[in-house]
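Asker: Protein chains in written order, with our numbering: chain D, 182 to 583; chain A, 2 to 166; chain R, 7 to 186.
It is worth saying that the hints were derived from the structure and are not from the lab.
For every residue, glycine included, the Cβ atom is placed at its ideal position computed from N, Cα and C.
Accuracy of the hints is not assured; some may be wrong.
[Said to hold, decoys possible] Derived, one-sided and incomplete: chain R residues facing chain A with beta-carbon distance under 8 Å:
1) S74
2) K91
3) R108
4) Y126
5) S127
6) Q130
7) D133
[Stated by the list, open to error] Among chain A residues calculated to face chain D with C-beta under 7 Å, some are:
8) I10
9) L58
10) V64
11) Y66
12) F85
13) E108
14) S109
15) L135
16) D139
17) M145
[To be verified] Derived Cβ-Cβ restraints for the label pairs, each shown as a range:
18) V505/D - F92/A: 36 to 46 Å
19) L102/R - E126/A: 39 to 49 Å
20) Y46/A - S191/D: 42 to 52 Å
21) P42/A - E534/D: 48 to 58 Å
22) E471/D - F92/A: 20 to 30 Å
23) E152/A - K186/R: 48 to 58 Å
24) S191/D - E49/A: 16 to 26 Å
25) E126/A - P137/R: 44 to 54 Å
26) E148/A - Q248/D: 54 to 64 Å
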Amino acid sequence: MAHIQLDSDSLEKETTTLNLGPTHPATHGVFQNVLEMDGERIVSAVSTIGYIHRAFEKIAEHRPYYQITPLTDRLNYCSSPINNFGWHLTVEKLLNIETPKRVDYMRIIIMELARISDHLICNGILGVDTGAFTGFLYLMQERENIYEIYEEICGARLTTNFGRVGGFERDFNDIAILKTKKFLATFPKIMRSFEELFNRNRIFIDRTVGVGAISAEKALNYGFTGPCLRATGIDYDVRTANPYSSYNEFDFEIPVGTNGDTYDRYMVRNEEIWQSLRLIEQALAKMEKEPKGIFHADVPAYYLPEKQDVYANMEALIYHFKIVMGEVDMPKGELYHAVEGGNGELGFYLISEGGRSPYRLHFRRPCFIIYQAFAEIAKGSLLSDAIVTMSSLNVIAGELDA
Amino acid sequence: MAIATENLIADLQSTFGTALSNFEEPYGLLTFQTNKDSIIPVLKYLNENETYRFRFLTDVCAVHYPTTKELAVVYHVQSMENNFRLRIKVFIPESNPKIPTATVLYESANWQERETYDFYGVIFEGHPNLVRILNVDDMVAFPMRKEHPLEDPNRIDKNDTYFGR
Amino acid sequence: MSEIKIVSAPEGIEGAGFFATRLDKVVGLARSHSLWPLPFATSCCGIEFMATMGSHYDFARFGSERPSFSPRQADLLMVMGTIAKKMGPVLKQVYLQMAEPRWVIAVGACASSGGIFDTYSVMQGIDEIIPVDVYVPGCPPRPEAIIDGFNRIQDLVKSESMRRRNSPEYQALMTNYGIK
């Protein structure tokens, strides 16, 4: 990395190289930035990624369609259910399966819980990076409540592998509904006390207002989506632009910021948490109006049949065998489906040539596209401001490298 | 301010003529093909046109077709104001995989083209920094091509008799 | 009466104003209850580690109140998450910078054996480059499992002989990995 010659009015003749390496407590995940510093100020930054490249797209070409769901878990692992359902929705679009309304509402409940979980980590860690550890501890406790809801339904905490093509593997039992209602009742108080700690806090405002600002035109040119784009003032959200899973029946707002700086990104994420709580309440109410017991679409060719049917019914046995061995007839087709992930538009570009595995599966990963802009945003800022900016962009290493 | 698909197709065909082909709409997303010399003019036209306003590059990726020895570079663009998405494909030969870069129009193409180069070996002419991004720097092969194996062939600890291979 | 369990003293001869026992027992006791971990968190297991450090599972009560991010000041290298081949040299460099005595715990399936990622870009287990003491399987392992792995490390630390790091077997292990 060549040193850059500095102007005559600075104290040094040339810049110093600082390696904000792959292992660093403040970079949340493994990516490297080689910075050229003029004292405390960053003159230029070169980002290196790929330290956790796990070749998801290559693996997806060798696995049957439902074995790709665990791969999608590990993209943005803070909000795995959104990735899972995005993949299931893509496959359902390929197969022209329409899920019952109750399934859509159940999916919305889980996706919004995942979105809350993702934003809690991001804002909690933003607090830690500015020096306030307390908020993080309280929010992690609330995330444990969300994990308990996941565990009740799918059995896992973090990498959930939720649901199947066509719906869910089991219905929400009474305990899950009870835990969700309890979460809705107890979480707002903790969220309000977290907001009271940070929103009007003199130190936090000084650390985050005006830091890492990006204009709306630049953000669009860089391909930003999600809270980072909404903080610049553009209200683009895949849930309202291309609604999926019955989002168009729900009443919620898209919060936008004005300056596109770290404080706006933090506030947009907080507001989105409140909107997600609204969505979960509405979805629970709508779910209770639907006839009970429906938790998957009636597609025996793609959805694993009940075990008692497999033992008694010939067709169920054949479907069970075909699905488990991965020899399901998939149609040929090419499609792109996007969902609103925790960080923006998570897209799945799928080309199927009729085989047991996709011919090509490409993940349009929001973190990968957002992180390109970091080198330009960090230019000219202080080192501590760059750390806070990186934290507020919410770059998850799994989604960055895939 | 919606865009009617037929009007868009007619307008593009009258502007670019035979450079565009294979207009189809799989699963509701308008798709067409063009060649590598026309891709940047087409993207520029779509970007600058005041009615269409395709100002957002959603995705750049590639697909390998070993049977016809071609690589397809696929661009997804969208117009947020009109809520319209578009897919443009460019087929280039494996033996000479060169295509002009879209970074002249969209900054977001920068890393996405590097990723496409890293995985498939597509050379984007005019790219400011076309080096590998996700794989190790000294890798010579292009791993997403169909002939490259998924698993590391240099492993000595896997015993094939146990794995039933 | 407090609910907190305090460790029992090692075997020894007690008298008025003195307690005589073996040095390595005392040193082992002190070391095992004040291990400073270096959280080398790369992916999903790192988030489970954050949950373990949170107040629900509370990792700090075992003496790891200070997770050190500097290898020079850490005893225990906790590798959590997938290690790709690009990351391998970085991990080795961090391990080499740690001072003896040092222990390594591989948390998660990816660190133990490559996990579900049997691909050209993922290292199939960190024991290809550094010696590992305890493996914690799981994808990701529950916080209880991570704590259990940590307790196994504590048992190893408590019972380790003072001469182990200079013994020929240990030197042979290090030479095997190319570490001097």
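Asker: Which of the listed hints are not met by the structure?
Answerer: Checked against the structure, the hints that fail are numbers 1, 3, 7, 8, 11, 12, 16, 21, 22, 23, 24 and 26, while the rest are satisfied.
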